[in-house]
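Number of protein chains: 2
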Amino acid sequence: MKKITLLLFLIPFLSFSQSHEEMIKKIYGETLTNSPVHETLRTLCKDIGHRLSGSPQAAAAVEYTRQLMESYGFDTVYLQPVMVPHWVRGEQEIARITNSEKLGTFDMKTLALGNSVGTGPDGVLGEIIELSGLDEVEDYGKKLEGKIVFFNGKMDPTVINNFSAYGRAVAQRAWGASDAAKYGAKAVMVRSMTNRLDDIPHTGSLRYKPLIGQIPAVAISTNDAERLSRLLKEQDDLKVYIRTTCEMKEPILSYNVIGELRGSQFPEEIISVGGHLDSWDVGEGANDDGSGCMQAIDALRTFKALGIQPKRTLRSVMWMNEENGLMGGREYAKVAEQKGEKHIAAIESDAGGFRPLGFSMSGSEEQKSKVKEWKDLFTPYGVWNFEQEGGGADIGPLQPLGTLLIGLRPNTQRYFIYHHTNADVFEAVDKRELELGAASMSAMIYLLDQEGL
Amino acid sequence: MKKITLLLFLIPFLSFSQSHEEMIKKIYGETLTNSPVHETLRTLCKDIGHRLSGSPQAAAAVEYTRQLMESYGFDTVYLQPVMVPHWVRGEQEIARITNSEKLGTFDMKTLALGNSVGTGPDGVLGEIIELSGLDEVEDYGKKLEGKIVFFNGKMDPTVINNFSAYGRAVAQRAWGASDAAKYGAKAVMVRSMTNRLDDIPHTGSLRYKPLIGQIPAVAISTNDAERLSRLLKEQDDLKVYIRTTCEMKEPILSYNVIGELRGSQFPEEIISVGGHLDSWDVGEGANDDGSGCMQAIDALRTFKALGIQPKRTLRSVMWMNEENGLMGGREYAKVAEQKGEKHIAAIESDAGGFRPLGFSMSGSEEQKSKVKEWKDLFTPYGVWNFEQEGGGADIGPLQPLGTLLIGLRPNTQRYFIYHHTNADVFEAVDKRELELGAASMSAMIYLLDQEGL
Numbered sequence: 020m021k022k023i024t025l026l027l028f029l030i031p032f033l034s035f036s037q038s039h040e041e042m043i044k045k046i047y048g049e050t051l052t053n054s055p056v057h058e059t060l061r062t063l064c065k066d067i068g069h070r071l072s073g074s075p076q077a078a079a080a081v082e083y084t085r086q087l088m089e090s091y092g093f094d095t096v097y098l099q100p101v102m103v104p105h106w107v108r109g110e111q112e113i114a115r116i117t118n119s120e121k122l123g124t125f126d127m128k129t130l131a132l133g134n135s136v137g138t139g140p141d142g143v144l145g146e147i148i149e150l151s152g153l154d155e156v157e158d159y160g161k162k163l164e165g166k167i168v169f170f171n172g173k174m175d176p177t178v179i180n181n182f183s184a185y186g187r188a189v190a191q192r193a194w195g196a197s198d199a200a201k202y203g204a205k206a207v208m209v210r211s212m213t214n215r216l217d218d219i220p221h222t223g224s225l226r227y228k229p230l231i232g233q234i235p236a237v238a239i240s241t242n243d244a245e246r247l248s249r250l251l252k253e254q255d256d257l258k259v260y261i262r263t264t265c266e267m268k269e270p271i272l273s274y275n276v277i278g279e280l281r282g283s284q285f286p287e288e289i290i291s292v293g294g295h296l297d298s299w300d301v302g303e304g305a306n307d308d309g310s311g312c313m314q315a316i317d318a319l320r321t322f323k324a325l326g327i328q329p330k331r332t333l334r335s336v337m338w339m340n341e342e343n344g345l346m347g348g349r350e351y352a353k354v355a356e357q358k359g360e361k362h363i364a365a366i367e368s369d370a371g372g373f374r375p376l377g378f379s380m381s382g383s384e385e386q387k388s389k390v391k392e393w394k395d396l397f398t399p400y401g402v403w404n405f406e407q408e409g410g411g412a413d414i415g416p417l418q419p420l421g422t423l424l425i426g427l428r429p430n431t432q433r434y435f436i437y438h439h440t441n442a443d444v445f446e447a448v449d450k451r452e453l454e455l456g457a458a459s460m461s462a463m464i465y466l467l468d469q470e471g472l
Numbered sequence: 020m021k022k023i024t025l026l027l028f029l030i031p032f033l034s035f036s037q038s039h040e041e042m043i044k045k046i047y048g049e050t051l052t053n054s055p056v057h058e059t060l061r062t063l064c065k066d067i068g069h070r071l072s073g074s075p076q077a078a079a080a081v082e083y084t085r086q087l088m089e090s091y092g093f094d095t096v097y098l099q100p101v102m103v104p105h106w107v108r109g110e111q112e113i114a115r116i117t118n119s120e121k122l123g124t125f126d127m128k129t130l131a132l133g134n135s136v137g138t139g140p141d142g143v144l145g146e147i148i149e150l151s152g153l154d155e156v157e158d159y160g161k162k163l164e165g166k167i168v169f170f171n172g173k174m175d176p177t178v179i180n181n182f183s184a185y186g187r188a189v190a191q192r193a194w195g196a197s198d199a200a201k202y203g204a205k206a207v208m209v210r211s212m213t214n215r216l217d218d219i220p221h222t223g224s225l226r227y228k229p230l231i232g233q234i235p236a237v238a239i240s241t242n243d244a245e246r247l248s249r250l251l252k253e254q255d256d257l258k259v260y261i262r263t264t265c266e267m268k269e270p271i272l273s274y275n276v277i278g279e280l281r282g283s284q285f286p287e288e289i290i291s292v293g294g295h296l297d298s299w300d301v302g303e304g305a306n307d308d309g310s311g312c313m314q315a316i317d318a319l320r321t322f323k324a325l326g327i328q329p330k331r332t333l334r335s336v337m338w339m340n341e342e343n344g345l346m347g348g349r350e351y352a353k354v355a356e357q358k359g360e361k362h363i364a365a366i367e368s369d370a371g372g373f374r375p376l377g378f379s380m381s382g383s384e385e386q387k388s389k390v391k392e393w394k395d396l397f398t399p400y401g402v403w404n405f406e407q408e409g410g411g412a413d414i415g416p417l418q419p420l421g422t423l424l425i426g427l428r429p430n431t432q433r434y435f436i437y438h439h440t441n442a443d444v445f446e447a448v449d450k451r452e453l454e455l456g457a458a459s460m461s462a463m464i465y466l467l468d469q470e471g472l
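So the protein lines, in turn, are chains H and A.
First residue of the first sequence? That's 20 in the numbering used here, and the numbers climb one at a time after it.
First residue of the second sequence? That's 20 in the numbering used here, and the numbers climb one at a time after it.
Source of the hints: derived by calculation from the structure; they are not laboratory data.
A portion of the hints provided could be inaccurate.
The list cannot tell twin chains apart, which means a pair is met if one copy fits it or any two copies do.
Unchecked claim - Listed below are the simulated DSSO-like cross-link pairs for lysine-lysine, each with C-alpha atoms no more than 27 Å apart in a straight line:
1) Lys45 - Lys330
2) Lys205 - Lys161
3) Lys173 - Lys45
4) Lys44 - Lys358
So that you can see chain H by itself, here it is in the shape it has in the complex (with noise of 0.2 Å):
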């Protein structure tokens, strides 16, 4: 007797979890077979190219995109506007050492960070002086005066979420500029955000803050930097030279691109899944973010390839302007909530077109454990890790929504290599990784529609 009942018992969990595993198999199925994902990526990437908010290949990749989705029949495709910053990066970026007595004059591999304000066609000459980072910038407080700042911070070798190491380092890049300018800095550099040693500057944004004068920043390339540390220590009167023609114009109109699958159900309950369209201006955008936007497209032409109906409304998000102001994510929420929109779960992928390993969620104890039940379905396919907190920069401002925030995890190691630089291209992806991660968003959405939240 006791027997029947624990059988009993165990028939809707089996039902449950065998139609599941079964859907969910052949949601990887038709992905590692048939998806299309790496060819759009090869055209993002390859005919259109990199995509800063307010660029001509922005606007391009915004019609791109709003061709794909209704070339894979979404039930709507739209357009939802939103005013972006325009940056412009101008002429090819000169940091160049002038007075080393050991190498004479030699130029570093630069590019000027993102927002920054340009130093002008005369540019800026200036005695450099190395910080290891921001805390030492009140140490030094008045010594900065008329010098140009090199923050040369380094991302921690030991630690192994390399994600978590950026995010340490990155503040004097973000916030190097306006730090050193409250005392009277001429301009900065920054080693670039790496663990590796090669010559590749890195980009990425800075923010000013308000009521300090802005001045000129660049990234420099971590040889570069190790070179520079080396020759300070040697000759403390080094001087640099610095041209940037960079400057920030009006905003402009710009939009996200939406594709729905109208629920069946529950049409009211929306779960979104994207990536951030735009991209800094070197490179492709490959890993950051085309990835993510083509894996957010191809998540949602599963469900049609294999005639999945959901009962919730599902949209595949294309973020404008995530690298330099996140208008796109804010405008997003903003509309949601004006429209008083239910949005149950969002997933953003923006770490890469690497294989996945896991599933990052922002949300209640609650929408977090309903998840992790579902961690057995994801394990044959090597998504493994649940633990992590976060979400995605772009979903965060529907956090007040109370919607769950996931984000696709996948093995960012090689990662920082490409970010924000001219090595992010088409071929740094590997289509079978790339297609792990669209079929693993896919399985995800598949069972946050199912199941609900």
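Given chain H, put chain A in place with the hints provided.
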């Protein structure tokens, strides 16, 4: 009272795991900060290059790794003699379609399979017959007589573990020549073992069955295999001219290279950690298996660097001839048995220098359970999967001695881009991922050494 008992009960466990946790953190920290493993791999790949058994480069690799282990101050470093096959590729191979109505004459990207006999300088010309795998040989039977058999079996893209997909598909490469020869085929062509569609042929060993005539065999790239298959659907008298001058010479003397840290408490208990030093005679053998070799040496270097005195005897072993004979692995086990050595565990890294995700095991349930208890010590480093079966080719012969066999299991999604090709070069290996693998091996032998089995 109950609480006190519980606490007393917990103390030994806590101190066990805390001290191990700390030491493992040091091992990863040392490796990620100071390890020369990426530079030693560069030397092996760039200064020596590919190193098929019997080649001068294989001899150079023996000497290089002997010196490297000496330079790290291992207690003993010695060579273990082993006779190995000596196969040579000869001149650039030709696989030429001679009579395509659509395309005329064209050459395919090809490599002779390892151990294959050559066609001789005149080559062979024959009509092509396409089979999807070994299963079809019996169906065709005598129809294969005088033909050149084209095995076009594919790796299944829906199998997530692509070593499994490889394992299922590779039989046509290993046995296709003998199976086709049994019915009078002149030669065989095999589709390269990769999920990718590209122009890179993958070599690898075949084995001739006794009492069957030996016929030449080549691999062609997947793009060529796809094209050929399309052409054959339109024209069934398509002919191919194959020319290879490879040959198997007399066996030659080579060596396993062994470096040892002597145990302080149980020196008679041996833990081996290694990779195979030979590679195919294309590319640089970077992922297969220069990475594993350099990681295995580095795993012991880390003990020296951290001043860890092992209780048991630790050996770093460079096995010779995994690719086309396994004579090194066999000799190692034979000598171990003859000397009555007690090999408690052996770890092999032979799945590429990619980010480690787990350890596979072959051994008793008791042995495996003990190692699985340590799993939580590895998860902070992303090494989570301890459930796979298997050790490694070179350590397989130790199984009869009751040794626990362990394989380092990295992310292998990109492995079959490089495997046995010209593309398997130093640049295909990421420094940080390589280091994480070395540290994982070092941490595993640390636990095996401390806890025994």
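Violating hint indices (sorted, rising): Structure breaks hint 4 only.
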